[in-house]
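Start from the sequences, fold in the hints, and give me the full structure.
Protein chains: 2
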Amino acid sequence: MATLEDIGVSAFINIVSAFAFLLAFALLRIQPINDRVYFPKWYISGRRTSPRRSRNFVGKFVNLNFMTYLTFLNWMPQALKMSESQIISHAGLDSAVFLRIYTLGLKIFVPMTIVALLVLIPVNVSSGTLFFLKKELVVSDIDKLSISNVQPQSIRFFVHIGLEYLFTIYICYMLYKEYDIVASMRLQFLASQPRRAEQFTVVVRNVPLVSGHSLSDTVDHFFQTNHPDTYLCHQAVYNANKFAKLVRKRDRLRNWLDYNQLKFERHPEKRPTKTTGFLGLGGKKVDAIEYYNQQIKDFEKKVMVCCNLVLCQMSLERQKILKNSKSVLPVTFVSFKSRWGAAVCAQTQQSKNPTLWLTNWAPEPRDVYWRNLAIPFVSLTIRKFIISLSVFALVFFYMIPIAFVQSLANLEGLEKVAPFLRPVIELKFIKSFLQGFLPGLALKIFLYILPTVLMIMSKIEGHIAVSNLERRTSAKYYYFMLVNVFLGSIIAGTAFEQLHSFLHQSPTQIPQTIGVSIPMKATFFITYIMVDGWAGIASEILRLKPLVIFHLKNMFIVKTERDREMAMNPGSVDFPETLPSLQLYFLLGIVYAVVTPILLPFMLVFFALAYLVYRHQIINVYNQQYESAGAFWPHVHSRIIASLLISQLLLLGLLSTKEAANSTPLLIVLPILTLAFHKYCKRRFEPAFRKYPLEEAMAKDIMERTTEPELNLKAYLADAYLHPIFHSFQSFQEEEEKVEVRVDKHQVHTASPLNSEPSSPSPTHHVYHPPTSPPQYIYHHSSLPDYIYPPPPPPYYPYHYES
Amino acid sequence: MATLEDIGVSAFINIVSAFAFLLAFALLRIQPINDRVYFPKWYISGRRTSPRRSRNFVGKFVNLNFMTYLTFLNWMPQALKMSESQIISHAGLDSAVFLRIYTLGLKIFVPMTIVALLVLIPVNVSSGTLFFLKKELVVSDIDKLSISNVQPQSIRFFVHIGLEYLFTIYICYMLYKEYDIVASMRLQFLASQPRRAEQFTVVVRNVPLVSGHSLSDTVDHFFQTNHPDTYLCHQAVYNANKFAKLVRKRDRLRNWLDYNQLKFERHPEKRPTKTTGFLGLGGKKVDAIEYYNQQIKDFEKKVMVCCNLVLCQMSLERQKILKNSKSVLPVTFVSFKSRWGAAVCAQTQQSKNPTLWLTNWAPEPRDVYWRNLAIPFVSLTIRKFIISLSVFALVFFYMIPIAFVQSLANLEGLEKVAPFLRPVIELKFIKSFLQGFLPGLALKIFLYILPTVLMIMSKIEGHIAVSNLERRTSAKYYYFMLVNVFLGSIIAGTAFEQLHSFLHQSPTQIPQTIGVSIPMKATFFITYIMVDGWAGIASEILRLKPLVIFHLKNMFIVKTERDREMAMNPGSVDFPETLPSLQLYFLLGIVYAVVTPILLPFMLVFFALAYLVYRHQIINVYNQQYESAGAFWPHVHSRIIASLLISQLLLLGLLSTKEAANSTPLLIVLPILTLAFHKYCKRRFEPAFRKYPLEEAMAKDIMERTTEPELNLKAYLADAYLHPIFHSFQSFQEEEEKVEVRVDKHQVHTASPLNSEPSSPSPTHHVYHPPTSPPQYIYHHSSLPDYIYPPPPPPYYPYHYES
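If you're matching them up, the sequences are chains P and F in order.
The first sequence maps to residues 1 to 803 in the UniProt record's numbering.
The second sequence maps to residues 1 to 803 in the UniProt record's numbering.
All the pointers check out, no bait thrown in.
One copy or any two copies: either way a pair holds, since identical chains are not told apart in the list.
Cross-link-like lysine-lysine pairs, in silico, DSS-like; alpha carbons within 25 Å at most:
1) K444 <-> K545
2) K691 <-> K384
3) K177 <-> K384
4) K679 <-> K352
5) K263 <-> K297
6) K81 <-> K107
7) K245 <-> K459
8) K682 <-> K107
9) K691 <-> K679
10) K714 <-> K337
11) K459 <-> K679
12) K352 <-> K691
Keep in mind the hints are simulated off the structure, nothing from the lab.
Predicted, not measured: the structure shown is a model, and the values here were computed from it.
Now the structure itself:
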């Protein structure tokens, strides 16, 4: 077991590496060449268009102002400057609420640390059981400061119990206050938001198909009957599969073209060529650039046909074409004349059959996960069931497939599969490296792809908003961490073994088993906090991966300024991973507060550092994909409550092994009270996160009606909930129209082989609107800017084309 | 352990007693004198006003038509004659759905019995393990037919597992079908109901008190703002404590008067007297009848003052008086112009603060439990929490206080307390009787008052509808039965001991412990079914207690025909007791179906008999207090699912002791699938029982608007939700007005001492309306009919005066 010196060494290493990261960050961030990596948020918000210091050629890439190197930590006070309301308007409520988790951690743990250190360390040290045992047992120095040092049956345990009470009450108080603040922040944020499409819109799933009527008619009829005063219009959802395929093909062709053009630019002496045969074999050699240009032209002609088919849905004749169309999905976005109408529709049951006409708040348009919209009710139930089974299996049995892969991936296996590698493998140096490396590889890969796997699982579950998907993924990840990191480290066995012992132990024995090992694992968790919390957070601010990717892209791909913008993925707060690990820290802090209080200061450093880092990142880097108005807070709250419960049960188990049996009734009361508190909070605050009160809706409606009595809401809402792929076609078409006009002006008329003569007598720029007429004119390719698809603002839009 | 002969004897005794009950019933029911006891429903519905055969004086009391004695079982076919739709219109949907539980039981258990007997009995008998063991172990004959007879590790267990699968699938199928039918019956019933106040009304709790505004103004303002198009009016709820006290006092005085008048009638030679002093001691002797008459007059004068105070709330000037009145509670019944408006308001969140303006469907006026309306939100949370703890304690620790009482109530204790009883107690006969009797007495009393205790607990929980209270009580009673009757009989220990062993056994061991004992307890449960199910149900139809009470009342109290009507309490289906015991039968049937299938035929007899008996009672006797439209069905459904789960787990435990370990994976799948089925059903059908779809509401609104465009809804809804005590005062006042008119005619003007001169110049019959004028005229007591309070229809109205 680790001694104090070991901890000291580990702390030193981690502090040094954390400082190295921070120093590297401080040096890199002031280089103009990295400006887009470390300040992308400012570029996106449009407040910065180029690095600030670009005086001469060298100054464009390297910062020559040596004064700025001396103040390399000044990002910290800068990060603290912005007020919370500024952060909300700058980065959204989600980010502001996310930062509040860290301040909540500080608010909870600073007083707890002081009290625990001042009270418990003297109590534990002076007990001194372990001083006498030292010779026989291997006892770490840390243990002398922990509850292990107290003699069994000691009266001193009442100090620990008292502190557990005190901490529980204090944490509950802080949680209540925080929940109250966040709930009112959310309501205030929603109230102060400008007019947005989702305020008026409800997503209706499982629309029944009435034979002989189009889906659109059915929806119109239903809502005109049941919401006669408030129903405004609806937006059908189309199956975008066909279009997605076309778009993918176009992108592929464009990539080839870009590649060849780049080749040509580098070697202007030699035009790239291509053979037209199958797989590039046989066929005649053609000029590659011209070939792809032609291909794209042909292709885009085809797209225009489809495009028109869709665009005509906005025209008057859409009914004729889309009636009984297979591409209309049984889901629709219904918009209302008022927020009140939408709030009513979202919260009520519409149909006698509760599996039809399911209404929910529409997510923001950018938050919609389009692929899941059309899942029918029965399938949804089955999916949820299967996924919960899979998550259970994943959490408890994930070691089985990994062990299987590991058994395959050992050296003997490798030699059998690839005997020619034997001479290399048999080298002692390489052999020992591989032996140390291979077995862990499968696990490493698994852990690396785990968030992705969990996200896929959540997607299969059928949630229709990206924000919701992320929350679900975060919940799954939390279960995984709880069982495999927390319990797994304490009981030291695979989750499967734990499950087995849980099933075969009595319920009262489980907290004992775990409780006993808890003080012994304190050093492990201290190291964990330092590695994952200190150094990990410091590396987060360095953004090594985006930095490398950005410079690689910059070197090879970027041609225009817009390309450069696209090359930088600012990222966003990664809720599925950060929330669970934060919750794990809360769990550790709360569990160890009375058991081994020396762990708490390490926790404090983490919370403070992470707060600074994430504040900086949120202000300068991250660009949130969606705004859920802090919808994740109920999860944060309930998991801290769960941590409280776990800590109480484990203390109960620990004390029962210390023969402090008379303390059991005292401690059994705590979890019950905590649960009651949780229930109360849930009823008191959670509706603010799930429902939209009519009072609020009506107040906003009335205000709007007085300030903008002439508002044409229907126009405002039109196409707000059109699948983004159609938006791309729309902009495509607008572009088209512009191009066409330009083409007309410049007389660069390039008729397609099929339509060598214009079939439309008067080719105006309205020519693409009539639903039945095929596209007439092919425009010159290079006049189409690169960014037509996907549409630029917001840049990192969650597109999901396949259905 | 019981042999087959023992079971036979027990069956014989129970069949004989059941037949005795049925015979007694058959004889008693055709006596005209008992007509009101056995056919009260027909009197209430007005289709019968006097016994059918009243030819001569003797014939009025005894049935002289001897032919009817020969067909004494003809109530059975009569009970079956009425169709379900007739039952719905005759007795309401609750009763019809209640009967469906029995038919569901028959539908489930008849095929199961046939299959289980045909398949399992041969399998079990031919295994014949127990034949060889017979000499050593005491094995009952029943066990030869059960799973105990199969050798460990036998392949035959797969027959049992297969049947468990088959039964589970069959039961789930039946449950699904039944849920579907009941849900659509409910929706159809609600749709076909005539206009009712509760369709338009929502109960709003936790109305915030705005200082400077009356509650009424606050409510009006809030709903006019947030439901401008649909809000109609509201009905405040008044604290009825003061009035309830007055009413109780009046009732007490009236009782004394009745007693004295009765005394006088029996002994006309001697007028009863009374001394006016304290506790009847001292003071002058007065004529008792005159004294009480005077007292009642004085008192009713006082009541009229209060009464006016309330009645004026219906006048125009109510605002002046009730403004800031302490007697207005922060709860109100809000009525809407349409069912749609009410449905919207009931299902949505109104206020930013989710603890204020809580809206729910209003229960029927007769279903409202008035005392619980004004419980604030925080108190409600605390109450729920405390009651769930108490129920847990009651279920698991109820033996502790009873054992304590028993230890006090033994013979030695009795002798110590009352030494003079020693000679009597020491008699051998009495001693043995007391020793057998006393220890059980406390338990008997406890079990007798248990439903009342559970009902009080539910009331403390704060539910606002009587129907809901009964459902909650039924749930609590079910937990009690499950733990103390089912598990208690199987494990043979107190619930507290069970809890202790559950906490200290591993989760996998518990089903084993229980599973092993299950086949051994089959004989006990067969006897239980015969005693509680056969004889108990047969005694239900005899209605011995109401019969005796009716005849006693008839002899001593009844003076008028209306008194006679009041003397007969028809009762209603006692949901808090019948539902849990029915669910226990389902549990027994499902658990024993594969273990000891011989139990099933006994179950079938119970279901068939109980179906006939309850059908007869519902048609002829019971008068439901409320109509919840089958709202208890989700509970029935989920408890049958729970029975399935219990049976699967116990079979798993049983088989694991039979060393059929390879069956575990097969059986572990079943509970998971059952749970998934339950979740699906919950989502699919439960909304029909909790919410009111807007489609339905709108359809009814539209229909009503076309058929009755001129409807004055406000007048229709006025006072629908007035506290019944004020209704009683209203009828009191109307009576008063009539009396007054009559008094004016007959010139029996008796001015009160205080108002010897009429202060109002023109005493018309409108004189009681002006809010400030005190009552002017005292009416002659005997002209006030007895039934003014409580109002007669419906006769067994759930009044709860205290708040």
